[in-house]
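Visitor: Read off the chains here:
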Amino acid sequence: MKSQKSKLGENKKWQRLKRNKMAIAGLLIICAILLIAILAPYISPYDPLVLNIRSRFQSPNSEFLFGTDNYGRDLFSRVLYGARVSLKVGVIVVFITSALGTFFGLIAGYFRKLDYVIMRVMDAFMSFPTILLGISIVAILSPSEMNAAIALSVVYTPRTTRIVRSAVLEIKGSEFVRAAKSLGASDFRIILKHILPNCLTPLIVQSTFVFAYAVLAEASLSFVGAGPPPPAPSWGNILSEGRQYIRTAPWITIFPGIFIALTVLGLNLTGDGLRDALDPKMKK
Amino acid sequence: MRILDEREKLLEIRNLKTYFYTEEGVLKAVDGVDLLLHSGETLGLVGESGCGKSVTSMSIMRLLPSPPGKIVDGKILFKGRDLAQLSQKEMRKLRGNDISMIFQEPMTSLNPVFTIGNQISEAILLHKDVTKREARRQSIEMLKKVGIPSPEKRIDDYPHQLSGGMRQRAMIALALSCDPQLLIADEPTTALDVTIQAQILELMNDLKKSYNMSIMLITHDLGVVAETCDTVAVMYAGKIVEYTDAKGLFGNPSHPYTWGLMNSIPRLDQNIEKLHTIAGVVPNPLDFPEGCKYNTRCPIADDKCLQQEAELQEIRKGHKVRCWHYERLEQLKKVH
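These protein sequence lines map, in sequence, to chains A and B.
Under this note's numbering, the residue at position 7 of the first sequence is numbered 1352, and the numbers go up by one with no gaps.
Under this note's numbering, the residue at position 99 of the second sequence is numbered 220, and the numbers go up by one with no gaps.
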């Protein structure tokens, strides 16, 4: 009985999501890119790291689907492998920001005294331009995939914190929290049982956007050399290397660019769709 | 007087003062309130919005937003223990277990992401040492007692699947799940339509009898008071202005404010053009007038009222009024 009922509620949200064609398109894009990232070793025709000077700067043809770069590496394989880096960084950033953002947001929203301290620190972080802060942190930590993810998590945690905090403030004032207090529930219990579950909707939506930002920012970091160092392919560093040859071999920059744009588009569409589906109040 | 004393005093509030320290100044939301509630009785706390009735209840529960709210003075004796002195931890044990509360908005007083069964079980598990299964059984039992049909099925419903009246019943089940001796009902029927109102009030009366608990009913609806209360305290601007049994209040309202309220009720047996209202508005709590706080709106106020506030005095047995000129009111009543 119970599962049937809750399924009914889930179904409704799923129905709303399904009706939103853009959201479905976004979801399909994300799934496709996810599949590419997972299956990269099996579907890529060449080793992304093997140099082949004889076939450098080949424009896209039947042998090299996306062409080759200045070292003669197959661009198609490199872009496929690049998806792994981008998505891995994106996922790590989403996990860290959601965890930290929820933690700080719950505390800041619930305890007024800590609110001031936490939010001023978050404001301080937010006052730096995103990429600049990311580059500085990577510069301190040394460039690598993991460090790029850590840097971006630091950059995006304040945003998630703000969103969770505002949700907490709204829920804290609601009658059922008062009712829970009047029944003798402790602060800890109220936060975990009554406030957290009601914050999940904005958090999920925010997470998809953070994912998109992270993919984009990771590419930017790689572009300026603060991402995973070459020769390991990431969309950002492929793009960065291709920049010098943009007049003679534009495909080197175009293909990773398309993939970055597609991923971000897919995530944003999904995020918008989720927001409408999970929170119908926001629609109008 | 001896007979009165033999009833068990459940809650006795003495000279309660709850102030809010805001940036604009000290807001005396509750300023020296005395109340007495015997077990098995219903006490009505009546007044318009902002008169301090909800703050009184929140003071008892010790759930004031603090800061800025603070109990400055007074005693809240619950079965002899002064609640104002208890630690938050001790209070938590009391809340839900000995004193429970139901709220105005049944639409929002249940957590939307959990089933009602889950929420009632949670309250039971919090205060009683029982298994989850037993808690669920007791929850079904509670839902049955508050008159929710087929409780075995309804227990797995989410709040949004219930109607307003059903939600308020579920809320009452939640509040009563640990057999409290005192139920504070903060405008429990205001958000409900009239037929459901009557059902909920009847339910509360029945439960009161079967559990032998006391109810403190906070309302601005005199009709509700007439139906349910044994004693009534009328509050105005943080103070009690009239305190008596329900019969005395309706039979012989002796404070001009109470009398004004009664006069404002539309009556079916009279044909009048315009409804009577009390002139003016409630004074700003940051800027109460000198003397009697009702003097800005009172039809019989004179110089004395402008200078000095009257004490709550017993004008006949069991009937207390805070007014200098309660006798003069009798003449006014004849005119109207």
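A few of these clues could be false.
Stated by the list, open to error - When the alpha-carbon atoms are kept at most 25 Å apart in a straight line, the in silico DSS-like pairs for lysine-lysine are as follows:
#1 1458/A with 210/B
#2 249/B with 265/B
#3 1538/A with 425/B
Stated by the list, open to error - Under 7 Å between C-beta atoms, here's a sample of chain B residues computed to sit facing chain A:
#4 219
#5 222
#6 224
Stated by the list, open to error - Just so you have them, the derived chain B footprint on chain A, three or more residues with Cβ under 8 Å:
#7 1536 to 1548
#8 1577 to 1585
Please keep in mind that the hints were generated in silico from the structure rather than gathered at the bench.
All residues carry an ideal CB built from backbone N, CA and C; glycine is no exception.
Visitor: Each hint needs a verdict: does it hold in this structure or not?
Guide: Hints, one by one, checked against the model:
no.: 1; hint: 1458/A with 210/B; verdict: holds (20 Å)
no.: 2; hint: 249/B with 265/B; verdict: holds (20 Å)
no.: 3; hint: 1538/A with 425/B; verdict: violated (56 Å)
no.: 4; hint: 219; verdict: violated (9 Å)
no.: 5; hint: 222; verdict: holds (4 Å)
no.: 6; hint: 224; verdict: holds (5 Å)
no.: 7; hint: 1536 to 1548; verdict: holds (count 4)
no.: 8; hint: 1577 to 1585; verdict: violated (count 0)
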